[in-house]
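Next come the chains, spelled out residue by residue.
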Amino acid sequence: MIHIKRLQEDGADVIAIIGEIDASSSIELDLAIAKSVGEGYEKILVDCSALEYISSAGLGVFMSYIDEFKDKKIAMVLYGMSDKVANTFQILGLDELLHIAKDKSEAKAMINELQV
Amino acid sequence: MRARAMIRLLFMMGAITWLGLVFTDIVVLISIKNSLEPDIPVWLPKLLLNLFILSLFYYYKFKIEHDEVLNFIDLLWRVFATGLIATVISLALRLVSYLLGNTKLPSDVVYIDLVYLINIGLMISFLIMAFTAWKRLILYQKSKWLLRFWAFFEYGLLISLLYNSFNFPRIDWLYIAMLVTFLLTGLVLSGNMKWVAYLNFRQKWTGLLLLLLTIFYLLYGFYTSSDYAGIVEKTSPEFADYRDHVFILSLISFVTIYSVFSFLVILFNLPTTSVFEQKLEEVVNFQRISQSIQTEQSEESVYKILLETSVSSVFADAAWLEISSSEKKLYTYNITEKEAGDIIDHLNKHQVRGILDQGSDKTRNLSRYLSTLKNSRFRSILAFPIYVKNENIGILALLKELPDGFNREMTKIVSTFSNQAGISIENFRLMEEALQNERYKEELKIAKNVQKSLLPEILEKSDAFEIAAFSESADEVGGDYYDTLRISPEIVSLIIADVSGKGTTAAFHMSQMKGIFHSLAQDCIEPAEFLVKANQALVKCLERGSFISAIIFLVNTTTRTIRYARGGHCPVLYYHATTDQVEYFKDKGVALGMIRSNAYRNFARTEEFSFCPGDVMVLYTDGITEAKNAKGEEFGYDRLAAILAESKHLSAREIQDRIISTLYSFSESEGLDDDYTTMVIKFN
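Chains as they are written, first to last, in the numbering used here: chain A, 176 to 291; chain B, 853 to 1536.
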């Protein structure tokens, strides 16, 4: 149900999520982010433009990295969310804890700002 | 009961026909002796004799043929006993004649005829008894053809009775043809001796003795009867003579032939009895292994049975069973662990690969490796691997003091045993697992009950509002929580919460939430403060990635205001009666457990609003808005709001029912994907 692609752009790791994230597929998302962190990336962009649905378990994955990113000074920006997905983030208050941009260019600008 | 009455009736008939036979035969004899024309037809005694035979035939048929309890030896014993009684009575009559000595009576032909008729009655009874018994023995393992052949023989014999019943002119060729046919049929049938194989050694000896005596009785009976018949014949040609009676003659020959055959077959089977017995024991042992699983025994007892049965099947002098599944274990028979260890070490030292170690995959005869081991009493060794689910869990080793002590047959048998033991152990483990699962299910059921009791049965009541709540879990236990608590006469606290994830973990966190609510809400703290403290308490026990969304309310019925704080839970759906509008409250808030530091304080905000009569507040969990139908569409916020807009004038309970029924007809599926909870509050 889920497909995760990683590619590198301007020193940032871009993780594209395609499909739905539920309890079982959230493990793959967790692995992808953990890999990116393990490889030493300090800029992580998450492309949510093809993300159709995210369950609480999926949100839990993003949430679980908040403290770790703060400690390691890693910046993560999510972008391209549909209204529905964005709403899920908003309800839980994750929009206040994560950096969410509208599109890729805004996300890149935001991540460079965060890194300064 | 009917069968018993039948047996009695037939016995009576037998007795009556025999008495009739005696009476008529003597009347005919006396008439002829005195050269008078008999008052009764001369064929009447013959007819009565045949009726007597028929009665006895069916008497024994009912008595012996359908008696399930009788075994082979019992049958032989019955035949023997009948023969014994007949012979004893006959001998007693001889003694009486002897004692009467030279008096006139013993030489009187009427007396001799009477003695003859008693003898013939006893002999026929004995013959038919034996015939019925032999029938059971012959038909012990029957085939279609054997049954047909036997039916031909039996009915043929009965039909031959007709021939003898009346004074038909005697046709020699027919008479001889019939006799020869029955003789040959009896001979062929006598080839069925399969029952002999099922006797054990002792039973065979008993059988031999019983058969020998039976044969003796037959000969004696035949001799006595023909002796008397000869004397009677001299006086009168018309009497119930059996010597030209096809039925009786055929019966005598058949019973005698079968008795002699049985005797000889048993005799020649004696030396091989032990082999058959051993085979039988193997089958029984095999059953023991395969059934050991069903009788609540442990794996250990399967091993023990395997060891015992293998040893007894191949007459091994010693054996051991090495099990290495979880921990190494050695079961031994007639051998010390040290001795066994020496042999294993020896074989390992000589690099006998893949035999007593786990790598072996087949049975192997290792005797030649044993010859180099000094100080060992054993000269033969055979090793078998035991497999459970294709995994070698142990080795069975059998030892003999003789060189070349194992033959191929033995190897095969023990190989089968060890395979079966493997299957039994596998079954045993599967059964354990199934039981364990059953236990878990039971525990889960208990957990469900406990969890149900965590949700309030009765919600707080107030004049200012009515309230209804509903909750259903997707799994046995769920992670949704709602509750109410009266803090003071004018203030009631409400809460709705949803633990991320499902199942048992979610249920545990839900119970923690209940504890936190009941301890914190008591003090009537500000809703935002409640969230901060609840977050503090929860971050210590929530695992990474888990969180709880909640909304806490303080409803003040005097000031008619509500103060609340939203901790990341689905926004409140509210109907304003004054403006006749439905809206979702747009406020900010973060779920509990998301922020693991004091920074959570920055995100917790208390909001306040006043309620008016007719206002409706709908609280729910995301299971409702995210419920999907077959097309994959979500139930969504708009549908929920629409239901409230339509049903705003109804009572809290009715609005709730409307929501749930709409939801169920929307999702159309039997099972739930998530936990559903709603709480509807209608203000008066």
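Just so you know, these hints were derived from the structure itself, not from any lab. It cannot be assumed that every hint is accurate.
What the hints assert, rightly or not - In silico BS3-like cross-links for lysine-lysine, where the CA-CA straight-line distance does not exceed 25 Å:
| no. | chain 1 | residue 1 | chain 2 | residue 2 |
| --- | --- | --- | --- | --- |
| 1 | B | K1392 | A | K247 |
| 2 | B | K1304 | B | K1293 |
| 3 | A | K247 | A | K283 |
| 4 | A | K259 | B | K1438 |
| 5 | B | K1086 | B | K994 |
| 6 | A | K245 | B | K1440 |
Said to hold, decoys possible - Listed next, the stretches of chain A that the computed footprint assigns to chain B, with coverage defined by at least 3 CB atoms under 8 Å from CB atoms of chain B:
| no. | stretch |
| --- | --- |
| 7 | 211 to 221 |
| 8 | 238 to 246 |
Claimed, not checked - Not the full set, but computed from the structure, chain A residues with beta-carbon under 8 Å of chain B:
| no. | residue |
| --- | --- |
| 9 | G194 |
| 10 | S200 |
| 11 | E203 |
| 12 | A232 |
| 13 | L269 |
| 14 | L273 |
| 15 | A276 |
As the structure is a prediction and not an experimental result, all values here were calculated from the model. In this text, a Cβ means the ideal position worked out from N, Cα and C, and glycines have one as well.
(request) Return the status of the interface hint for S200/A: holds when the least beta-carbon distance to chain B is below 8 Å, violated otherwise. (result) Status violated, d = 14 Å.
(message) Does the closest beta carbon of chain B sit nearer than 8 Å to the beta carbon of L269/A?
(response) Given a least distance of 7 Å, the restraint on L269/A holds.
(request) Return the status of the interface hint for E203/A: holds when the least beta-carbon distance to chain B is below 8 Å, violated otherwise. (result) 14 Å, violated
(request) With a cut-off of 25 Å on the C-alpha distance, tell me whether K259/A and K1438/B pass. (result) Holds: K259/A and K1438/B sit about 15 Å apart, inside 25 Å.
(message) Does K283/A sit within 25 Å of K247/A, going by the straight-line distance between their CA atoms?
(response) 19 Å, holds
(message) Can you verify the interface hint for A276/A: is its Cβ closer than 8 Å to any Cβ in chain B?
(response) Given a least distance of 19 Å, the restraint on A276/A is violated.
(message) Tell me whether the statement that chain B covers the stretch 238 to 246 of chain A is true, taking a Cβ distance below 8 Å and needing three residues at minimum.
(response) Since three or more residues must qualify, the claim that chain B covers the stretch 238 to 246 of chain A holds, with 4 doing so at under 8 Å.
(request) Against chain B, run the beta carbon of G194/A and see if the smallest gap drops under 8 Å. (result) 12 Å, violated
(request) With chain B as the partner, please determine if A232/A meets the hint condition of a C-beta pair closer than 8 Å. (result) 6 Å, holds
(request) Check, residue by residue, whether the stretch 211 to 221 of chain A contains three or more positions whose beta-carbon lies closer than 8 Å to a beta-carbon of chain B, and give the verdict. (result) violated (count 0)
(request) Quickly compare the C-alpha distance for K1086/B and K994/B to 25 Å and report which way the hint goes. (result) 47 Å, violated
(request) Starting from K245/A, check that the Cα of K1440/B is at most 25 Å away, please. (result) 22 Å, holds
Of the hints listed earlier, those the structure fails to meet are numbers 5, 7, 9, 10, 11, 14 and 15, in rising order.
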